[in-house]
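Fit chain B to the given chain A structure using the hints.
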Amino acid sequence: MPGKVHVTTTINGESVEFLCEPRQTILEVLRDQLDLTGTKEGCSNGNCGACSILVNGEVIDSCLMMGVEAEGQELLTIEGVASTDGLHPLQQKFLEHAALQCGICTPGFIVAAKALLDQESNPSEERIRLYLAGNLCRCTGYDKIVRAVQDAASEMAE
Amino acid sequence: MNAFDYEAPQSVDEAISLLSAGNGNVGMLAGGTDLIAQLKEGRKIDLMLDLKQIPEATALSFDEDSGLSIGAATPCSKIYSYDVVKSRYPALVDCTSLIGSIQIQNRGTVGGNFCNASPAADTPPAVIVLGSTCRIAGANGTREVAAEDFFTGPGQSVLQPGEFLVSIQVPTPVANSGAFFLRFIPRNEMDIAVANAAASVVLDSDKTTIQEARVAIGAVAPTPLLVADAGAALVGKAVDDEDAIEAACAASRAAARPISDMRGTIEQRIHLSGVLTRRAIQGAIQRAKES
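Residue numbers (my numbering), protein chains in the order written: chain A, 1 to 158; chain B, 159 to 449.
Don't take every hint at face value.
As the list claims (entries may be wrong) - Covered by chain A, according to a simulated footprint, are these stretches of chain B (three or more residues, beta-carbon under 8 Å):
#1 159-168
#2 259-269
Claimed, not checked - List time: in silico SDA-like cross-link candidates among lysine to any residue, alpha-carbon distance up to 25 Å:
#3 B:K202 with B:G320
#4 B:K202 with A:C43
#5 B:K210 with A:T9
#6 B:K202 with A:E28
#7 B:K236 with A:E120
#8 B:K202 with A:L116
#9 B:K236 with A:N56
#10 B:K198 with A:A133
#11 B:K236 with A:E125
#12 B:K210 with A:S15
No lab work stands behind these hints: they were computed from the structure. Where is the CB? At the ideal position from N, CA and C, for every residue including glycine.
Looking at chain B on its own, in the form it has when it is part of the complex:
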């Protein structure tokens, strides 16, 4: 590993001033499960900036009015062990509890999963369908970006030099809503998604009609995708409307722009986009009914 300096700022402001002095060649350290592995593979940085002393970056809190705030440096295991997440955000449990091993979940973060911006990342689809926003700090203050707009390409995001992701804000689930995430891997655990998908729905008061729906798919395009057409296909339809669900699956297949690689082919990934969309929608409806 090449030599670098290390700083653990105590505040967002201190982090911003260190970032702007850092020549752009700064590695942001949260759980380190991507960054440290990349440094070992030859990535060069001048400064490692550890976010774990910054209160906003490590906080995990819930407020009925403002929703769930996930500090960018909060490890996955803290998230899926948090009572409010277990009871009200089960889709976040779905995705954070299947990333890597327990060792990785105890270090790896949702914020890091976003900033690393792998097309196959497992947390973005669920975070996107929950209507979340990314809170980004920079020299000019804080800005908010919708989770689905955060990614710009493989390994790339809207983060500009001098900016960093502070937290992810997830709205409070409304009544009669549910969300679900799943992925396809050929093993039981410890694998990278061939494809993944998440869905969220809001049902009417007698839980028979879909009022709102969002679908997101991953590992099938350069970035995670919010498939607006898939959600639109479900709105106003009965929860057991097979044609509507098939229309949503078709929208996901149409939105997918996958590559063939060691984990799967283009054809398989397009097919999986439809299959996983169906199962995500059905899972979301089931949870909404049980809510």
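For reference, chain A alone in the conformation it holds in the complex:
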């Protein structure tokens, strides 16, 4: 039985150490060991994007990354998106536009949209839809999500 591996990483701006088995995904570590349950498990094979997190600012599916790979990396989960001053504009706009129903896909959409808006301040609707194509929502039909992201982009640009 392989031993556990000691991992030192940064999650939501804080230095974090954990022990994990090599076979544990970072999604399992986040949810089951670190109690960061905002990141959701959907398909668990990289199709749905519910488990999206940022690693060094880039959005990835945490179901397809091993916990041991977090060594030395900077992770951002949905728990780190809001500041102490309040919700992130994306979170606020998702609420205002009712861009969610059941909510399972929402953390993934918000961190993926954050990755986009951190790189591009004024993405087109087409660009938003393409960028978020790896995040599936079975409730909203996407239009409200796209409008929320567009509105958040406008507000952040002000």
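Relative to chain A, chain B alone:
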């Protein structure tokens, strides 16, 4: 997921010694978008070998003399964001920017796309027509294999036990050359190719005659195929020679040996081999004219 050990070697040599000690049951981890999904589906390994600490496997560099070196563990998004790739290897942008989602492109690699060796993989045709070679490390040193010779069957490659793919070397584009890749899918994104194709051409100095040409097709045979007859049909012909282009399309249709499955039928895939070959050639010629 079954239990396994994990190692992140710091050098090619260290990786080779871990590989040879690993009983053949080693999973090579680059972006993990195929490997981790397979482990969840029951694939068993004793050791996961993470390549991302090996400088040669993560390097992405260009030199006018030696060309572009793509470390096997370099994610797609790094490749299509690299200035030299954007300006001089647009066919690599074509293929790396349409694999899966942004999430997958931020992890998935061209090296992994090669080693997973899906017949429908989207990066091999472009890498093949660019005249690339695969640099493979093993206990006896490093060997180079032409990209079109890397694949031996669905999920199978020339990699022997104890070997791994370190990098892919893509030659510097010559003057008046161009390359283009495209695929057919019934959706706009997030899909697996029904068929795909790439072409590269070198034109003469007044950009009216084709001097060299290569065509490769994918998802229509057990492996990606370099269609030598398609390239040969174009050599010495004018860029607007419709008969020559049709001859190249016919060569692709003749080379295709597809199966029928949930994504398409034999007949559709043979037809698509010709259509995509035509569009790839036209795209490559256009880029050569603009170069």
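To see whether the hints hold, each was checked on the structure:
1. 159-168: Satisfied; 7 residues make the cut.
2. 259-269: holds (count 6)
3. B:K202 with B:G320: holds, 17 Å
4. B:K202 with A:C43: Measuring from Cα to Cα gives roughly 21 Å; hence the hint holds.
5. B:K210 with A:T9: holds, 16 Å
6. B:K202 with A:E28: holds, 19 Å
7. B:K236 with A:E120: holds, 17 Å
8. B:K202 with A:L116: Since the Cα atoms of B:K202 and A:L116 sit roughly 36 Å apart, the hinted pair is violated (cutoff 25 Å).
9. B:K236 with A:N56: Holds. B:K236 to A:N56 sits at ~13 Å (cutoff 25 Å).
10. B:K198 with A:A133: Holds, at roughly 23 Å.
11. B:K236 with A:E125: With Cα atoms ~24 Å apart, B:K236 and A:E125 stay inside 25 Å; holds.
12. B:K210 with A:S15: holds, 22 Å
The structure fails to meet hint 8 from the earlier list, while all remaining hints are met.
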